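Top to bottom, those sequences are chains A and B.
Numbers 2 to 349, taken from our numbering, label the letters of the first sequence in order.
Numbers 122 to 588, taken from our numbering, label the letters of the second sequence in order.
None of these hints come from the bench; they were simulated from the model.
Don't take every hint at face value.
[Stated by the list, open to error] Capping the alpha-carbon separation at 16 Å, the derived lysine to aspartate or glutamate pairs in EDC-like fashion look like this:
{"id": "1", "chain 1": "A", "residue 1": "K58", "chain 2": "A", "residue 2": "D192"}
{"id": "2", "chain 1": "A", "residue 1": "K201", "chain 2": "B", "residue 2": "E533"}
{"id": "3", "chain 1": "A", "residue 1": "K196", "chain 2": "A", "residue 2": "D88"}
{"id": "4", "chain 1": "A", "residue 1": "K345", "chain 2": "A", "residue 2": "E269"}
{"id": "5", "chain 1": "A", "residue 1": "K3", "chain 2": "B", "residue 2": "E533"}
{"id": "6", "chain 1": "A", "residue 1": "K322", "chain 2": "A", "residue 2": "E140"}
{"id": "7", "chain 1": "A", "residue 1": "K322", "chain 2": "A", "residue 2": "D47"}
{"id": "8", "chain 1": "A", "residue 1": "K3", "chain 2": "B", "residue 2": "D417"}
{"id": "9", "chain 1": "B", "residue 1": "K268", "chain 2": "B", "residue 2": "D451"}
[Claimed, not checked] Computed footprint of chain A on chain B; a stretch qualifies when at least three of its residues, placed anywhere within it, have a C-beta under 8 Å from a C-beta of chain A:
{"id": "10", "region": "138–150"}
{"id": "11", "region": "214–221"}
{"id": "12", "region": "523–532"}
{"id": "13", "region": "569–579"}
Because the structure is a prediction, the values reported are computed rather than measured.
All C-beta atoms, glycine included, are put in the ideal place defined by N, C-alpha and C.
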Amino acid sequence: MKILFSGLRILLMLVSGMALSTGLSEQLQRKLHTRGLIPDQYRFGDLYNISNLAQFKETQWAQTDGLDQSDRPGYRSQGVDLYTIGDSFTTMDTSFYAGRRNHHIWLGTEVDTITLDPQVRSILVIEVIERTIQERLREHYAELYIHRGFQIRGKNAAVARVTPETRGNFWENTLNREINQRLEFMLFNSDLALKCKEMKAGLMLSWFGRTHPGSLISRDRRFLFYEVEASRQSGLSPFIPLTDADIDSVALNMNRIRAHYLNAGFAEVYFCLIPNKVTVCEPARHPHNNQIQRIEQNPRLTTPVLKLHNQLLRHPEWFHKSDGHWNASGKRLWLKYVNEMVMKWSER
Amino acid sequence: MLFNSLHFIVFFIFITTTYYTLPGRWRWILLLIASAYFYASFIPAYLLLLGIIIVFDYLAGIGIEMLSGKPRKAMLVASIVANVGFLCFFKYFDFLNANISGLLAAVGIDYQSGTLADCYPGLALPIGLSFHTFQSMSYTIEVYRGKQRAERNPGVYALYVLFYPQLVAGPIERPQNVLWQFRQQMDFDWDNLRTGLWWMVWGMFKKVVIADRLALVTDPIFAHPETQNATSLAIAALFYSIQIYCDFSGYSDIALGTARTMGFRLMVNFRSPYFAKSIAEFWQRWHISLSTWFRDYVYIPMGGNRRGNVRTCANLMVVFLLSGLWHGADWKFVIWGGIHGALLICSRITTPGIFNSGRWPGGLRAMQTFAAVTLAWIFFRAHTVADALLIIRALATPSLWKLPILPVNTREVGFCVLLIVFLLLKEYRFPDYILVRRSFWPSLGVATLLCYLWGVFGSNQFIYFQF
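Looking at chain B on its own, in the form it has when it is part of the complex:
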């Protein structure tokens, strides 16, 4: 069930109204059933796979709390290995196989690598697996660290993993932030409803009006970059930067809004990332739940910045390469992560000057950061590394800068530009939603109508669903 579908809208109204109609003690059961239905609406069989992770980590959490010393640590390791193993099997099986096959072929050994689909016909990467496994690992690690008590109610724990607003594309929650909320009696509150609905409509606007409209330009261009001139490619790269932001932050806004209408407060995932004045700041504003996950569970345990400059740089690079790999089993994602890691390291080790814009005016630094991020997105979006390199070569070839040939008409391009300006102004002027009580409902109605009238509707999935 996609957030930008009629199915979800009807489902949301039904679940939210039922939630407030039921007595408090039954509500978590309703949410659990609703979340299972939400996930099953993609492919029901994958609910079984998710069930395995849930049962394993539920038991691991209790085990970790009950045990001490080495067995306790062993239990945590088992949980992490199981989660990572699960993720690797579904997500990286083909990638690893293909690379092993390639390496062996280089030394003259013929190794016929099969794909996951060859071995198990029909089996594919379950939607949002990277998100569930990370959220599950977060739970066992926090129990191990003693920051969270192991949840004894299996249903409530299952809801922690399955909670439908953030089930398939985050935010990747921490148990301390949400588990207690499932036990709370959330009373109906008009401010929660208003805030939630406004977030949902704004998220929907970003997704269906901005992101999906920009996709009309970017999708055909990235599909055949070899037939495009440099100007078209530059426009596509620029539009993609905005598209992926609106797509993903739109999803997060709808997730936060959906939860908020029922009184739940989820972690904010984006804070106007394109106004960041450095790469480091960008990562404090982009996909915050993932970057803090890597910071808390990988970077800091590896020593963070406490073991000298070389080790810090190595730690940074490892984290960003892993982050790239988390996004997808493809070298292009690894390169994307590597670029971010390298940029961050550069900004740490160089003194302010040409390579480090520390002394430039804020606006220029934000533009420079945006340009670097946009360039890196090319690897993320291109179908292959070869395509990405082709695009970068084209952008660096002055003779290829000609009048753009775009797959939509000039008016639509103009409208895209207007929407981008509107988005940036909104983010600049009102980075956070300010609750306006007066004239709320008419404003919401107008915004909903604009979503409908200007929205591009099809079967456009959210980009981050594939991860």
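Only chain A is shown next, with the shape it has when bound in the complex:
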């Protein structure tokens, strides 16, 4: 019996020690993940990952999210180079775009120094999600879109240096802030653990009408949203009142960004403002600030906009059930607008 308990103690020590060291090391965890030893935590959608509500579990993720061969353009423009700046909504293979050369960067994380080809027209499309409009296009527009973004070789390469988001302050650095998340993904991401989480999430919703912090459910319980995107208290939600001055400021900054890139040699700069999931699926949750329409209709705005907003509003099903992003249908809409614009420039 004593040997059995000693064995159990040593086993517990080894397992917990391994879990702790794996939780401490992001690299180790990534390795285990790439070798298939830890399942992908987002395999059923990011909102499912937060809420664990069984009714919002998309088990056919690849089928609803992925673009296929038929989505590639049948014809590529030989006279247009396409440059796009976007975020997780527009992360896709650039072969789906119709430009001669297609170049995409993720806003804020990359600085790309490029050489524009004077033989073709260079078009830039900037995609901004509704919840980030005020943050990205009011205070930090120059830092995000001018000092970062695309830098043109020979024109403004001097500023092409990424400054770290937060330089570690000795007194503020924390040891492994993310360790709890990593441990949870490592230890409680199996199908059995997810069943337990679903049971708890189901109880919380049916008894108390609550979802896990970080997510919110629509009043008719058909849609799931990020709390920051849908809560009335959140500065990122479309239910925060915005003044006309707020809207004017965004419009003027969009014009400034356009002027910067036109001076750098681009033929045109387009913006595309994508509504939040809650704006599409439950716009009447609270009084809405109609930010996108107000920007698009602002008389001071001289920058062209790809207006996919109205069409998207009629199709809540183009958003993932279990995720804050649009699904393949939403991506196709984006591609349709961008590629049509490229073809129009090609015909000029």
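With chain A held as given, fit chain B onto it using these hints.
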């Protein structure tokens, strides 16, 4: 590392199993390294600050023991000044500066007070500083009084300050109670393991199921008291009384339980305080390690109750004002301490009657004490003194007593009430944990499962971490 986190659970299993696997002479080293890691998991740099206190008091302890007469006393004073100075710099710098600035402004002198963050960007109050400094002072005072021999092993002394179960929110231990335990060879004992685990699970239940659920009601209401009616405010105040008890005593239970699984016995910090029949009794049951600290190191040295009624009352008031200030650098905490001091003084100087419930039935006296404590908690919880006064005014305005509008649904409120009833029944029926050997593991499993299923998980810190 929060006790209510996965990180802690994995850490705890690893450290406890390693502790019993290592030979006895190595164990204190393991605990020291584990404790340093535990503290560093908040902000590693603050370990340096804690290191300064440890080195200073370690040397002061040896100095006090070796010296005699005035130098001995000077060494104690230096240790106390260093600890209090450290605490003041981090905790009271902004408070003092703002108040000096306000006073000078009143006489027409413009004094631009900077904050600690302005002077030293990024520097903030290290987690649990009030607890470490008090525990450190306790050591040098006890060495001075001759009740504790100065610890010669710097590692063991460092462990006394850093011991991870009680590192960030107490109990504030006395050296006589724990130092000797670090030198003991703690053999594995099933009863210790069972008791420890049960305390931990019960503490976790109080924290994640009760306290964090009540916070869903209290946090939004206290954030905007001006938009609430009196009934909502009364419910929030009542819930907060239970929340802070479950939050803090939950932490203490987990601390005691964690230590107990390795055979260590820490000081009990709570004894069903809401069943106290007077304010004096409340303070014998609430945060016992702090109230006895103030009693032993402030109240009694000031003369205690040995120098007549007036001096006793003054001593009481000083102790409670200091206790309020210990909790936070804000006038609301001072007022909170002042209310408790005033209530205690009232109960001493009045004869039993309307103002002194000495002759009332026990249940009524407990309810009256609870009501007074709850009212005082309003100052503790409100964001500002103005908010607290606004809440008290609203509670005193009959026309504002309307149907409550609460931030959670009716079922959740009902569940909160059920949990409170369950808590009070448990505390009444089983104030102390009775070790049940039969069916222990299934019971522990069910309790753990309930913690998971009913728990409110987020990034909810323990309230007392901020002190």
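Against the structure, the hints come out as follows:
no.	hint	in the structure
1	K58/A <-> D192/A	holds (12 Å)
2	K201/A <-> E533/B	holds (15 Å)
3	K196/A <-> D88/A	violated (32 Å)
4	K345/A <-> E269/A	holds (12 Å)
5	K3/A <-> E533/B	violated (47 Å)
6	K322/A <-> E140/A	violated (33 Å)
7	K322/A <-> D47/A	holds (10 Å)
8	K3/A <-> D417/B	violated (46 Å)
9	K268/B <-> D451/B	violated (35 Å)
10	138–150	holds (count 4)
11	214–221	violated (count 0)
12	523–532	holds (count 3)
13	569–579	holds (count 4)
Against the hints set out earlier in the document, violations occur for numbers 3, 5, 6, 8, 9, 11.
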